[in-house]
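Keeping their order, the protein sequence lines are chains A and B.
According to my numbering, the first sequence holds residues 1 to 384 in order.
According to my numbering, the second sequence holds residues 1001 to 1384 in order.
Worth double-checking, as some hints may not be accurate.
[As the list claims (entries may be wrong)] The calculated lysine to aspartate or glutamate pairs, modelled on EDC-like cross-linking and capped at a C-alpha distance of 20 Å, are: (1) B:Lys1261 - A:Asp334; (2) A:Lys261 - B:Asp1297; (3) B:Lys1261 - A:Glu299; (4) A:Lys261 - B:Glu1299; (5) A:Lys261 - B:Glu1279; (6) B:Lys1264 - A:Asp297; (7) B:Lys1261 - A:Glu177; (8) A:Lys261 - B:Asp1329; (9) A:Lys264 - B:Glu1294; (10) B:Lys1264 - A:Glu181; (11) A:Lys264 - B:Asp1336; (12) B:Lys1261 - A:Asp268; (13) B:Lys1264 - B:Glu1279; (14) A:Lys264 - B:Glu1279; (15) B:Lys1261 - A:Glu350; (16) B:Lys1261 - A:Glu361; (17) B:Lys1264 - A:Asp324; (18) A:Lys261 - B:Asp1334.
If you're looking for bench data, these hints aren't it; they were derived computationally from the structure.
From a predicted model like this one, the values you see are computed outputs, not experimental measurements.
Number of protein chains: 2
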Amino acid sequence: MTAADGATTTRPLLIDTDVHNTLHHLERYLPREWQDRWMATGMGVGWNYQNPRGVSRRDVMPPNGAAPGSDPLFVLSSHMDRYGIDYAILCGPGQIPLGVDPDYMNAIASAYNDCGEDLWLSVSQRFRGSIIVNADDPLGAANEIRRRAGNPQYAQVLFAAATRSPLGRREYRPIFEAASEAGLPVAVHPGTEGAGTAWPPTPVGWPSRYMEWHNILPTAYMAQVNSLVTEGVFEDFPDLRFIAIEGGVAWLPHLMWRMDKNYKALRDTAPWLRRLPSEYILDHLVLTTQPIEEPRDPEHLAQILDMIDASRTLMFSSDYPHWDFDNPDLVLRDIDPVMRARVMGGTAMEVYQLREAPAREDLPPHAGGLPPVTGSSLGAGPIE
Amino acid sequence: MTAADGATTTRPLLIDTDVHNTLHHLERYLPREWQDRWMATGMGVGWNYQNPRGVSRRDVMPPNGAAPGSDPLFVLSSHMDRYGIDYAILCGPGQIPLGVDPDYMNAIASAYNDCGEDLWLSVSQRFRGSIIVNADDPLGAANEIRRRAGNPQYAQVLFAAATRSPLGRREYRPIFEAASEAGLPVAVHPGTEGAGTAWPPTPVGWPSRYMEWHNILPTAYMAQVNSLVTEGVFEDFPDLRFIAIEGGVAWLPHLMWRMDKNYKALRDTAPWLRRLPSEYILDHLVLTTQPIEEPRDPEHLAQILDMIDASRTLMFSSDYPHWDFDNPDLVLRDIDPVMRARVMGGTAMEVYQLREAPAREDLPPHAGGLPPVTGSSLGAGPIE
C-alpha cells in the first residue's frame, strides 16, 4: 500500500503500536531442560529499577481478578473496542534482558512466541504479534525470526533497546538481514536498561531511583539511532524500518542536527554513507507516542512535531495496561487533523502493512468490563 | 550585579566561556614524587576516541610555531582582540579523565592550576580561570577548591562531564559545598567519555568511531542534569549554577518535559523537591553555545531557544582553538538582538560576576598574527 492509497481509505484506522499482553505459564512452552530453571529462578537476572507502585494500571484488571493484560477478550473489549482501536501490536513483556546464557535467553524468547501464538494471536486477527528475540545472540535471533516469519500475523521483530553494543555494530547484521528478508520492521522496547548484565543506564553510571532512571531512558535510543545510521545499516538494508517504541520524541531534532553537523566535517570516517544522517533518520526511523512529552505550551510540542516530520515518523501507542498509559481520545488532540490521522494509524498501516480494518469479533459476555465507545474515537467523522 | 544592572550597561560585554589554553611542562609544577611518572606516561590512561585530524584548528598556530592555544599573547591578539572578546574563561585541557589513582589525578589537577596561574592568569585580567579538580575524589576536589578560591581571577570549578556516578549522588556533595562557599559555579566539559576507567559512552556500549562518539556526548549531560535535579542538589545549594560546557542545547526541552511528566506521577520518590524539575533547570543550569545545532530551517533553532528560555540559560562559547570553533561574529546572528546580547555576554556577566569591561593591554609586536577587528563585533552599536 502506498501513502496515497492510505490517504483515500474511508475511515483512517486506529492502530495501537504498544500493547502489553501477559505471556504466562511459560514453563508450558519451554523445552523440558529449562523448565526447572524457569520455575526456580524465572529470568534469573537482577532488575535494579522498579516502579514503587508497580507498572500496571489498577483499573484494567479483568473481571476474574487476573493480572492486567492477561485476558485477550478483556483487552479486546475494555481497551480496543472501548477506544475504537482496529489493531493492537502486541509487545508481550517488551523484551528479554541481557543475561549470561544465550541458550537460556533464546529458549525464553521462543517460548514467549509459542505462548503468544497459542493464547493471543489465535484469538483475534486484530492482534498482531512481535517476534521476540534475544538480540544478545544475533545468529540465534536470526534463526528465531526465520522460524516465525511465515506467520502473517507477526508485525515486527522485537527486542530490548538495552543491547550490549550499539546496534550498528556488525555483529547485529544477521538480525537485520533476517528481518529484511521477512519484510518485517525491527522494534526495540525499553525496560531492561541497567538490568541483568547490561551496562549502566547512563554514560556516567547508575541513577539512584526509578524516576531518575525512567527520565533518562531515551538516551539509549539516541545512542542506537546514532549507531544504526553512522554504521550504515540503512545503506545495507534500504527497506528496513526501525521502530523506537516508548523512547520519547522531542530529542530527535537535536540528534539529527548534531549528526548532520558532525557529518559535514567527519564524513570520511563513514564513507559508506551517501546522504545526511537526518535523511536516513526521516526515512527509516519510526517513533511511538507514549509517553508523549507535554510542555506547558502546546505550541512547543507542535513545533517539535514539525521538526521531526511527524506525519512520517510517529505512531500512536497507548502502552496498555501500564501506569503511564496514554488515552487515544486525548493524546495529541489539538494537532493538525491530517497529521493526527497519520499518527493514529496511517503511518502504522504502511509500516506494518495493515491494509484495511479487520472484522470485529462477537465477544462472549464475560469480556465486557467497560462499556465500548460507539463510533470513531478519532473525531466527528472520516478524515480524508 | 542584578539582571537589570546588566541590561543597562552601555556596551554589552562579549564573553567567551570556553577557551582552551595549553598548560605545558606540567612536570615543573608537579611534586617531585610524580614527575617521573608524568614524563614516562603522561596522564596514563587510554583515550579510545580521537579525532583523526587532531582537535585543533590549523590556522591559529602562534608565529613561533608552537601549539595552538599555547601562547597567551597570541590568544589575546588573534582571538580576543580580533573578535572584540572582553573576557575568556580559560578551560585548559577541559578536564582530567577517570583514572585509578586519586592521588596522582589530584596532583595533576593541582599542577594544572599552578601552571595556569603562572603562565596565563598573571598575563591578563581578561583571562579568567577554572579551578580544575579531579571529581573522582570529591574530598580532594573540595580541598583544591578551597585552596584556590581566594584568587578572584577564578571564574568557576571545572571537571570532566564523564564522572563515575551521576553528580546528584551524595558522594559529590563536598564539591558543590566548597564551590558554593566560594561563590563559584560548577562547570563540566566533555572529552573523557569512554576514556580511562570511565563507563562506556552510551548505555548500550561502545560506539565504533570518533564521529559517532562525538554525536552522542550530550547524553552524558542529560544524565547529569537529570541526576543533579532529581537528587536535590539545587535544594541543598540554592545559589549554585551548573554550567554544561560544549554539551549541546536542543535536547533540553525534551529532558525538561519528560522530567516534569514523570515527576507528577512519582514525586514521592524524591520528596526533597518542592518545584517542577524544569523550574530547577531554568534557574540553575547554564549551557554554552558551541557546537550550536544548525537545522536547515533557522526558525527551528529559534523555537528551541524559546523553549529553553535562552536569555537565561545559554552563554556564548567559541571552543578556541578546537576544530569545531564557532565564530562569534556568525553564531546565532539572526536571533532576537536582546536575546543575543544576553547569550553573547549578559548572562555570563551574572554567572561569572564580571561587572565591567577590563582594560585592554598593550601587546608586544610578536603577538599580532592576525589583524584585530575594530569596534564591537556584536553589530552596529550598543544593544540596550
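For a C-alpha distance cap of 20 Å, please report whether Lys1264 (chain B) and Glu1279 (chain B) respect it.
holds (13 Å)
Do the alpha carbons of Lys1261 (chain B) and Glu177 (chain A) lie within 20 Å of each other, as the hint requires?
Violated, at about 38 Å.
If you draw a straight line from the CA of Lys261 (chain A) to the CA of Asp1329 (chain B), is it 20 Å or shorter?
holds (19 Å)
Restraint check for Lys261 (chain A) with Asp1334 (chain B), where alpha carbons must lie at most 20 Å apart
holds (19 Å)
Lys264 (chain A) and Asp1336 (chain B): Cα distance at most 20 Å?
violated (27 Å)
Given the hinted pair Lys1261 (chain B) and Asp334 (chain A), is their Cα-Cα distance within 20 Å?
Holds. Lys1261 (chain B) to Asp334 (chain A) sits at ~19 Å (cutoff 20 Å).
Starting from Lys264 (chain A), check that the Cα of Glu1294 (chain B) is at most 20 Å away, please.
OK: Lys264 (chain A) and Glu1294 (chain B) at ~12 Å, within 20 Å.
Pair hint Lys1264 (chain B) and Asp324 (chain A), alpha-carbon separation not exceeding 20 Å
Measuring from Cα to Cα gives roughly 11 Å; hence the hint holds.
Are the Cα positions of Lys1261 (chain B) and Glu361 (chain A) separated by 20 Å at most?
Violated. Lys1261 (chain B) to Glu361 (chain A) sits at ~37 Å, over the 20 Å cutoff.
Proposed proximity, Glu299 (chain A) with Lys1261 (chain B) (alpha carbon, max 20 Å):
holds (17 Å)
Decide if the proposed pair is consistent with the structure: Lys1261 (chain B) and Glu350 (chain A), CA atoms, cutoff 20 Å inclusive.
violated (31 Å)
Need the status of pair Lys264 (chain A), Glu1279 (chain B): alpha-carbon distance at most 20 Å?
Given that 20 Å is the threshold and the Cα spacing comes to 36 Å, the pair is violated.
When held up to the earlier numbered hints, the structure conflicts with 5, 7, 10, 11, 12, 14, 15 and 16 and fits the remainder.
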